[in-house]
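Residue numbers (numbering that gives the first Met the number 0), protein chains in the order written: chain A, 0 to 290; chain B, 0 to 107.
Hints are computed from structural coordinates only; laboratory data are not their basis. Glycine included, every Cβ here is placed at the ideal spot set by N, Cα and C. Among these hints, one or two may not hold up.
[To be verified] Listed next, with one range per pair, are the computed distances between beta-carbon atoms: (1) B/L50 to A/V224: 18 to 28 angstroms; (2) A/F76 to B/T98: 36 to 46 angstroms; (3) A/V224 to B/A20: 54 to 64 angstroms; (4) B/P42 to A/V224: 22 to 32 angstroms; (5) A/K167 to B/P13: 47 to 57 angstroms; (6) B/L73 to A/R172: 50 to 60 angstroms; (7) B/D38 to A/D146: 33 to 43 angstroms.
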Amino acid sequence: MSAHASDKFVYHEPGLQHQFDDMGQQEESVGIGMWFFLAQEIMFFGGLFTAYLVYRSKFPMAFAAGSNHLDAFWGGFNTLVLIVSSLTMALTVFYAQKSNRTLQLVLIVLTMIFGATFLGVKAIEYTDKYNHGLIPVAGWNKRAAADPAAVHGEAKPCWEVAHGEEHKYVNPRGEFIWTDCSLVKQAQDHNYLTESERNGYFSSGQIDGNKFRDKVRIFFYLYFVMTGLHALHMVIGLFLMAWLLWTAWKGYYTAEYYMPVEMSGLYWHFVDIVWIFLFPLLYLLGRHFMH
Amino acid sequence: MSEYHGDELHIGIPGYLGVFAVLVVGTIATYYAATVDLDFIFPGANTLLALLIAFTKMSCVMLFFMHVRWSPRLIWLAAVGSFFWLAIMFAYTMQDYLTRAQGVFSGN
Chain A
0 MSAHASDKFV
10 YHEPGLQHQF
20 DDMGQQEESV
30 GIGMWFFLAQ
40 EIMFFGGLFT
50 AYLVYRSKFP
60 MAFAAGSNHL
70 DAFWGGFNTL
80 VLIVSSLTMA
90 LTVFYAQKSN
100 RTLQLVLIVL
110 TMIFGATFLG
120 VKAIEYTDKY
130 NHGLIPVAGW
140 NKRAAADPAA
150 VHGEAKPCWE
160 VAHGEEHKYV
170 NPRGEFIWTD
180 CSLVKQAQDH
190 NYLTESERNG
200 YFSSGQIDGN
210 KFRDKVRIFF
220 YLYFVMTGLH
230 ALHMVIGLFL
240 MAWLLWTAWK
250 GYYTAEYYMP
260 VEMSGLYWHF
270 VDIVWIFLFP
280 LLYLLGRHFM
290 H
Chain B
0 MSEYHGDELH
10 IGIPGYLGVF
20 AVLVVGTIAT
30 YYAATVDLDF
40 IFPGANTLLA
50 LLIAFTKMSC
60 VMLFFMHVRW
70 SPRLIWLAAV
80 GSFFWLAIMF
90 AYTMQDYLTR
100 AQGVFSGN
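Make a model of the complete structure from these sequences and hints.
This is the structure in structure tokens:
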């Protein structure tokens, strides 16, 4: 037998790309490539977490006040939704490893439903911010003309604005609105303002509502950029899942070859991990000041 | 190294459900821990506790859902290394901000 004849019958696994020696080498290379991509993603989000760290350490009370205005119920609900979607994703990989096409399809669809639920809740939250003048860009909030017939009482100082009191929403130019600076008063009374805060919230020794508003605005900038970037990753993840659904439907993934499922899973879990940190850092940081 | 995944199926269904349970408990614990004022221990104790729970949850997701537990050393290095770079970014940014002018962050 010639060498050529024996080459002809060398076993070649169907999922093996020609540049790799064997499936093990291929899986390892693919995995390392994906993890380097995720390391890059960590740095990508890391810049925003650094900005958060700097400004929160400078203006903790403004961050606490802004955080208390986020809806911790929806934030917590979304955390649980993402955790369930991570479970269904992990099980998708499990059933791909078992060559079970039906359960792969069911679990990918479930993952997509939970991902879409997350984005739906996000839309509810963003709409709420729009309606309350909390988008930190002038002109991007709901506009409401002032009622000329309204009787204006004595304007209260901003630290005496009662919690939960119903205000008529007046915002003719759609600006960022913030009226409550009671946390500044509280921190001043208990003497735990930072030096940056003593400069940043006060004018001539008095609490300055406008200066405080601008610091709360920094929090909402970070809220929108961080959750917005995270939501963008969710949207990309949903496209990834749609592609995975299509290829799984065609029966591409079996115990011998399931790397695309595993790698999509890594991406999905990474997005979940980012949210695990965003939830306490954005929604819960000032909760213990509420009495 | 060629036995990257081999034939074993990681932790199986009960394992995945167990990790899921830990994550749910962690989320609920995060929420309730945030409503209790822990400033009597030291200022910022709430944040530290929240981050401890978040790191625990992240470790569970990475080790078991992302299969790092069974991955080659190079993937461990990529995972741990990325957090090391993140720590450098945090540390060097803050050592700048914390020392810009005397007293700026003294807080008292």
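In rising order, the numbers of the hints this structure does not comply with: 3
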